[in-house]
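Q: Each chain is listed here by its residues.
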Amino acid sequence: MTSETISTGQSRTALLLPPAYRNLGKSTSLRELAGRFEAGLRELLGDVQVDLLHRPAVSHAWMNLITGAPADDGSLPDGWNGEACAVRQVGDGQKMHALHRLGDDSELCLIMRRHVTGVDTSESGIDSLRLAVTTFDSAYQALLHRQHEKALAFSLNQRLLQLNSLIETGIEIAALDSAVSPIHLALERAVAMTNASQGVVSLYRDENVIERIAFPGEYRDEGRTPGERCISAEFTFHSVRYLFMLMDKESRAGVTAFEGTDRLLLDALSRQVHASLENRYLLRQSLEKQKMEQDIAVAASIQQRILPSVLPTIDGYDAAGINIPSKSVGGDYYDCFLLQDGRVALVVADVAGKGIPAALLVSSLQAYLTAYLESAMPLVTMAARLNSVIHRASTDDKFITAFIGLLEPQTGILDYVNAGHNVVYCRRTDGTIVELSEGGIPFGMLDLNLPYASGRVTLDRGDRLLLYTDGIPEAHNPVQELYENHSPLQEFVARVVPEKAEVFIRDLIADVKQFTADAPQADDITALYLIRK
Amino acid sequence: MEQPFTLTTEVRDARLIISTSGYVNNVGGEAIANEFQKHYVSGVREVIINLAHSKVVNSVGMSFLIEIIERLSESGGRLIFTNLDPAVEKMLAIMGLFGYAGKEKTVEDALSALSTQS
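So the sequences go chain by chain: A and B.
Here the first sequence is numbered in this note's numbering, starting from 1 and rising by one per residue.
Here the second sequence is numbered in this note's numbering, starting from 534 and rising by one per residue.
The hints are simulated quantities; they were obtained by calculation from the structure and are not laboratory data.
Note that the structure is a prediction, hence the values are computed from the model and not measured.
Check the hints yourself; a few may be wrong.
[What the hints assert, rightly or not] Okay, the calculated beta carbon distance ranges per label pair:
1) B:E607 - A:I66: 15 to 25 Å
2) A:G227 - B:S608: 14 to 24 Å
3) B:G629 - A:R22: 26 to 36 Å
4) B:G629 - A:E293: 50 to 60 Å
5) B:Q570 - A:T67: 46 to 56 Å
[To be verified] Here are the simulated DSS-like cross-link-like pairs (lysine-lysine), alpha carbons at most 27 Å apart as the crow flies:
6) B:K623 - B:K636
7) A:K150 - A:K289
8) B:K636 - B:K571
9) A:K26 - A:K150
10) B:K588 - A:K26
11) B:K588 - B:K638
12) B:K623 - B:K638
13) B:K636 - A:K150
14) B:K638 - B:K571
15) B:K571 - A:K150
16) A:K500 - B:K636
17) B:K571 - B:K588
18) B:K636 - B:K588
19) B:K588 - A:K500
20) B:K623 - B:K588
Glycine included, each C-beta is placed from N, C-alpha and C at the ideal position.
I would like the entire structure built from these sequences, with the hints used as guidance.
A: Right, here's the structure in full:
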């Protein structure tokens, strides 16, 4: 190929743009621009054949912008010494090359042929060609500028979209029904917001995958690890590791690297899921607690109705009782009631444990006891039956300690059975204490037909009886010292002998409260006091 | 589970209806654009894109939709989106597409709207 440099330098000739050139500014792509330019050039110069070649850099191959095909290297000009614009006549004057470095440092090569009359190689013709190429460059810069503006607007809108989507997703996750997992929604949004090709959330327990959720489609890329083409975020909740992974960020040109913003978005979305799971767990716990508190309130109400609101009047006796439940439903029970045969039943019981099961067991005891006492069966027989029915009605860890006394008011004879309960104190007028402990094992502990024994004591005038539950001797102060160790109940019974039973109860409770001070009440406090006048 | 992207086309009264299913990403967007181009060169200038079964669109897919809008705008054509999921509708709104394209609840509504505007 022969070539000769005809002219280089700045354009000196002004040229009015032909109509076709005026549409250059409407081009939306380089190829469209080339097409419009080629048409304009032909309009300007008449019957010429024009090829427009372009390459992004010297290292790239030339591309024919008119045909969209790679250019034939054999017809291309040699190097052109870095000139901004060089026009060369090639061969016998039928062809000219115009080489031009465009504003973005890419290169344009205009090849113009005119086979019959040859190309215009005059200075005017060369200037016209140079001006045409410069016009193309201006239109190209305008196109790049528009594309840049468009990309910038798109990018800004995309950022706005990401922010909006992040906020909306948080709201939607919070509003999801608790039966619907938030993972699917968060994963879909993470994939869309970051332009990932696919996302997957893997749930691990002890390094074993227990569940895998992918979007879109099924997980197709086992073994991927976080890197440039794969980003991840994770958290652990209740021993389950939630690993979010996004793969292969898309672009129009193919797969591209994830950006810092993508990592921030994924991290934010995974934290939203974490917060949602925690909130759901806390809500569930709160509802369960609320339900339990309602059940406890019902149970406490039932238990309170079982306890006597007023003790019966017993000729020749003065009786008083008290039950101070602890915060939860306790298992204490006491009662004092007249039987049809004129005897008086004195009962104190304590179920091992607290809560609704304890309250139900107390309720069972009270029902059986009331029925058995009216049947006039011997106390030991009644105790054995109570043991059996309570054993059947309770779980292995539940039993009831109880003291059941039957008093003949006129004689003062008290028959009793103590089923593993605290000893009942009988204070004689001389200050001596008799401990009432005859009986057997707590009701419901074992159903082995173990015999119960009954005891008998006679209350004379001035004698006193204290029935109580372990909430009194085991009451503790803020430093966990027991009331019994500080102030033995037996000594209190011996020492404190007011005329009225209710005064004794009041003084006893005051003494316990003074000892326990600010310590929370750990157990029910129950006492029944009887004075034979 | 989201199925792979698919689309169906129908031409009614010289109006192209493209109904998609699945993730409108690079693959989905390009498929829509190709289908549009096929009919555009044969003179179709009114297009309805029914996204009833596409709940997720990413910005690459969106860029193809924008190109379609631009092509139609240049040639005096019109595009209407229908059956939009609220999240997708918000996305198109934020990206400013409804300044250049319409939206209707259903394909039938879109066809009516195009007939009225004709």
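Q: Please flag the earlier hints that this structure goes against, numbers listed from lowest up.
A: 2, 5, 7, 10, 16 and 19
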